[in-house]
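Colleague: As a plain string of letters, each chain reads:
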Amino acid sequence: MGAIQISDSQLIVHFLNGNDACFETLLKRHQKRVFTTIIMIVKNEYVAEDIFQETFIKTLSAIKSGKYVDDGRFVQFVVRIARNMAIDYFRRVKKTPIINGETGESILESLSFSENKEEQIEKKDTENTIRNLVNELPEDQKEVLLLRHYGDLSFKEIAELTKVPINTALGRMRYAIINLRKLIEKKSLTL
Amino acid sequence: MQKEITQEQIISYIYKETNEIDSKIIAEAIIKDRAIKLFYLETLNTVKLLDAEGRDASITSINIILDEVQKSNLKTPNPSL
Chain A
455 MGAIQISDSQ
465 LIVHFLNGND
475 ACFETLLKRH
485 QKRVFTTIIM
495 IVKNEYVAED
505 IFQETFIKTL
515 SAIKSGKYVD
525 DGRFVQFVVR
535 IARNMAIDYF
545 RRVKKTPIIN
555 GETGESILES
565 LSFSENKEEQ
575 IEKKDTENTI
585 RNLVNELPED
595 QKEVLLLRHY
605 GDLSFKEIAE
615 LTKVPINTAL
625 GRMRYAIINL
635 RKLIEKKSLT
645 L
Chain B
777 MQKEITQEQI
787 ISYIYKETNE
797 IDSKIIAEAI
807 IKDRAIKLFY
817 LETLNTVKLL
827 DAEGRDASIT
837 SINIILDEVQ
847 KSNLKTPNPS
857 L
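Residue numbers (this note's numbering), protein chains in the order written: chain A, 455 to 645; chain B, 777 to 857.
Honestly, the hints are just simulated from the structure, not real lab data. One or more of the hints may lead you astray.
[Said to hold, decoys possible] As a list, the in silico PhoX-like pairs of lysine-lysine whose alpha-carbon atoms are at most 20 Å apart: (1) A:640 to B:824; (2) B:847 to A:512; (3) A:641 to B:824; (4) B:800 to A:636; (5) B:824 to A:596; (6) A:636 to B:824; (7) A:596 to A:636; (8) B:800 to B:813; (9) A:610 to B:847; (10) A:521 to B:800; (11) A:518 to B:847; (12) A:482 to A:512; (13) A:482 to B:847; (14) A:640 to A:596.
With the rest of the complex left out, here is chain B (with noise of 0.2 Å):
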């Protein structure tokens, strides 16, 4: 009998978080069921979208931190020193 697969689980094997063997259980669910087909494309294409959104830090934001670590170092003994 086949293990029921619950959406839960097709999202944890999206984002690689099922261990090896439920890995492949899924994966064979997937090519057989037309259910958990669907909603796995339709979670992959939804997960895709979200990539669009990345954002960088401003040019300001990272020379403020990296001024910081300088100053940290005229507090900080070198420890390799």
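Next up, chain A with everything else stripped away, as it sits in the complex (with noise of 0.2 Å):
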């Protein structure tokens, strides 16, 4: 008999009564599809990281502050604070000059905060095999793609997010799946 998992909703109310385990909980549970979602958005390990921290931290203070009402929608509400940080993010970097290294990267590219470097360089090429080709997509596609596959945010919820009628949020998505699909072919990948 497989182990009953403790929802995110009471994950909370523990929390909430004193046990910080409870929070770590939640943390780990959705620290990939957090952190994912995060850099497919900013492209960049180092701010990730960072934008990573700021979100779980302010995700923290709401819950503790009451801001943050329960309605089953954990990562949902986590995943809307990172978006809303990673354009933050964008608006700052415009007004902010970019460093560049001797071969033209981003100073901030050449950081990582990996643990494991040989590990880093053996998931390199999958991973940035997927992460260019979806940074390959018009910015309103890519948007409601990671906000769907790796928030896990329905298409009602990035509609309201995005402040467009779910039909075109749909549509959205359906242009970032052909294009994607073209892209694989394009590059003779296999799935």
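Both chains are given apart, each in its own frame, so use the hints to dock them into the complex.
Modeller: As structure tokens, this is what we get:
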């Protein structure tokens, strides 16, 4: 018989009653989904780590202050914060000159938080291929794809967040998938 | 007459956002209609490819957040006490 997983809502209640381990469980349960969403948006590991930390600290504060009202959509709440922070980051970057290294790459690109360099190199090819393909999509299509696939927001939630009709959100997702498929074929990648 | 199925509906179906009645109609259309089946399978494959991209945050970031959790408890009284 499989173990029953305690729900996010229950974890939040226990956390508010003083059990810190419950927030740790929430964090570890959702970190991959949230971090993947962020890194696919900002395309930079250093910045993604920073936004990831700020996102969960803001989430912590929202729970503690009672601003987070549980509706059973905890990870979607976190992803919405992450997405808004990523947009803020791009607004800041537009105002800040980019510092490039000798080979022209952004200084931030050369920094890494990875604990294991060898592991990072092994995974790099596959991940970079997918990430690069997604990054070739138009921004509006990429946003819907990231929020739906990695952020687990429904199309209705995405429509509300991006202030477009639901059919537009769905249409963007359709184009994102079709274009991604074309890119895969163009680059002769096999699934 | 069979209801026309849009590609957007197939995408919603893949992401489990269609209601029970629509899900049944779409599932039947996938079996009967070759074009729908092709789009469904291609989309499903593309979506599966996206699953290969899953990145963990660093241990450093996790620890920084957990430190904040501890600090926040020093500031906020435990409601159960």
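Colleague: Decide, hint by hint, whether the structure agrees.
Modeller: Hints versus structure:
Restraint check: the Cα-Cα separation between residue 640 (chain A) and residue 824 (chain B) comes to about 18 Å, which is no more than 20 Å; the hinted pair holds. For a cut-off of 20 Å, the pair hint linking residue 847 (chain B) to residue 512 (chain A) stands: about 14 Å separates their Cα positions. Taken as a hint, the residue 641 (chain A) and residue 824 (chain B) pair is honoured in the structure, with Cα atoms around 17 Å apart against an allowance of 20 Å. For the hint pairing residue 800 (chain B) with residue 636 (chain A), the CA-to-CA distance comes to about 29 Å; that exceeds 20 Å, so the pair is violated.
Annotation: proposed proximity of residue 824 (chain B) to residue 596 (chain A) holds, straight-line Cα distance about 16 Å (limit 20 Å). Restraint check for residue 636 (chain A) and residue 824 (chain B): the C-alpha separation of about 15 Å stays at or below 20 Å, so the hint holds. Distance restraint check for residue 596 (chain A) and residue 636 (chain A): the Cα-Cα separation of roughly 15 Å lies within the 20 Å cut-off, and the hinted pair is therefore satisfied. Distance restraint check for residue 800 (chain B) and residue 813 (chain B): the Cα-Cα separation of roughly 14 Å lies within the 20 Å cut-off, and the hinted pair is therefore satisfied.
Taken as a hint, the residue 610 (chain A) and residue 847 (chain B) pair is broken in the structure, with Cα atoms around 36 Å apart against an allowance of 20 Å. Under the criterion of a C-alpha separation no larger than 20 Å, the hint pairing residue 521 (chain A) with residue 800 (chain B) is inconsistent with the structure, at around 39 Å. A C-alpha spacing of about 12 Å is found between residue 518 (chain A) and residue 847 (chain B), which places the hinted pair at or below 20 Å, so the restraint holds. With a C-alpha separation of about 16 Å, the suggested pair residue 482 (chain A) and residue 512 (chain A) falls inside the 20 Å cut-off, and the hint holds.
Between residue 482 (chain A) and residue 847 (chain B), the direct Cα distance comes to roughly 19 Å. Compliance with the 20 Å bound is thereby established for this hinted pair. As the CA atoms of residue 640 (chain A) and residue 596 (chain A) are separated by approximately 18 Å, the hinted pair is consistent with the 20 Å bound.
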